[in-house]
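Chains as they are written, first to last, in my numbering: chain A, 1 to 74; chain B, 1 to 408.
In short, the hints are calculated from the structure, not lab data.
Heads up, the beta-carbon is just placed ideally off N, CA and C, and yes, glycines get one too.
Warning: the hint list may mix true and false statements.
Simulated crosslink set (DSS-like; lysine-lysine; CA at most 27 angstroms straight-line) [as the list claims (entries may be wrong)]:
1. B:K310 to B:K233
2. A:K71 to B:K349
3. A:K4 to B:K349
On the chain A side, residues computed to face chain B include the following (Cβ under 10 angstroms) [unchecked claim]:
4. G15
5. D19
6. I21
7. T45
8. F52
Covered, in the sense of this in silico footprint (three residues per stretch, anywhere, with C-beta under 8 angstroms from a C-beta of chain A), are these stretches of chain B [said to hold, decoys possible]:
9. 268-280
10. 298-312
11. 345-355
12. 385-391
Here are the chains, one letter per residue:
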Amino acid sequence: MNEKLIAIFNIVREGAGLDAITVINDEMDLRKDIEFDSFNLAELTVHLEEEFGIDIFENGIVSTVGEIKEKLSI
Amino acid sequence: MPNLVLKDYEANFELSYAALLKEITLVEVFFPYLKFSSLPQFYTNLLVGLASGNEVVLLDPDFSDSEIEKLLGSIDSLQQEKAVEVKSDSMEQLLSNIEANGGSLSLFTSGTTGLPKKVTHSVGNFIRGVRRSDSHSNNVWGLAYNPTHMAGLQVFFQALFNLNTMVNIYGKTREEIFNAIENSAVTHLSATPTFFRMLLPADTSFSSLSRITFGGEQSDKILHDKIRVLFPKALLNNIYASTEAGAILTARDDEFEIKKELIGKVEIRDNEIVVHKSLIGNSPDLKLVDEWYHTNDIVEITSTNPLRFKIVSRGNELINVGGYKVNPNEVEECIQMMDGIKYCRVFGKPNSVMGNIICAEFVPQNGTEITVSDIKKHLSIELQDFKIPRIIKSVDQMQLTRTGKLKR
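Throw the hints in and build the complete structure from the sequences for me.
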């Protein structure tokens, strides 16, 4: 499942002019470690919703990779 | 009186009122067309221009050369200089010079047609909204808005005319923002709901904050409740402002009232907010009907005496992305100019992080292989970052409305 998330992170990172990442773990912070700003997080929600049908930010902000997985139940 | 006008922890600089005043009185030229490069340079040039009674035209740092050419006619305008001399012995004298000398400020805002339009405000328009008293003298402001935009300028003038300190937290990370709030004991924070959403989760709290103001886009009670945990001693309110008219309404929670001093100049007609021309910046593009500017912002009246209302919709075509207003026509024109594009449409899609996100769809011309990445690259040269669609898709055909217009 990490591979799918990494692929989606990398779509957003490419658009933001950032290098692709190859490894993630549950503790990683989306803003600090994945380097997403609010525009990138907004884009991330759209890709995740298209893939999984769930808006991860619907009930407040999600901070880490592990919290995304929790929301998506994956 | 606090001696600092500006502090930035990450850039590791502070500017004192004494140093600012000295710089302003030593400067011999000013740049009428000012493209932002750093906060001290920006504020110094701005105050020199205003104190000498000139018009200062403000340009965002991420305006591309081609945007500037379209807006100003030539990129060479940025090099223009004007000889000036500002004489002031004290900040108080400088501020009264600025009030008396009739300078003006021009900024570019998303217009109804393709290009951003220029709106010029007298400096009095800004000062009108400033609350000045001894009770404000110890305020410390967090500068969370883009400093070259209307809201960022309002924070600047509010802080300046009370000789307060401003701490730069614009574009910073959550951790940096929290450090700045803690270390400078920030008391006042005015920002967009998107900005505040990025400070969550509320797993800590700051007691220095006494006033929080939400502006620029719709906010909601869920967010307010969470922000109350983060800033337990702060009073929360909303502000309604626009680049055309500045701040004209204020409220608590989601109900608004017309400011007392503006009754008669701001009215609700047929549930629309209309603003008298005396409050509006000068712009040839603004259409007035019998001296009144129609905002297209629609309200629902909740009480007639006193008059209170909720804002139901900001009725123009602009897409509000975290407080930034994007004109879809401008973005469409930019995509359309590329070879290989047959049709395109740009639209906003509701988004839980930023209110809306900009999306684009395009139909490629037969036989061409234009990619999403080609379009993004082209737009990054032509447009400011916040205007670039984050989701771009190639489609076989465009959806049209019944009148044959592209459907947003």
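Quick rundown of the hints versus the structure:
no. : hint             : result
1   : B:K310 to B:K233 : holds (25 angstroms)
2   : A:K71 to B:K349  : holds (21 angstroms)
3   : A:K4 to B:K349   : holds (24 angstroms)
4   : G15              : holds (6 angstroms)
5   : D19              : violated (15 angstroms)
6   : I21              : violated (18 angstroms)
7   : T45              : holds (6 angstroms)
8   : F52              : violated (14 angstroms)
9   : 268-280          : violated (count 0)
10  : 298-312          : violated (count 0)
11  : 345-355          : holds (count 5)
12  : 385-391          : holds (count 4)
Of the hints listed earlier, those the structure fails to meet are numbers 5, 6, 8, 9 and 10, in rising order.
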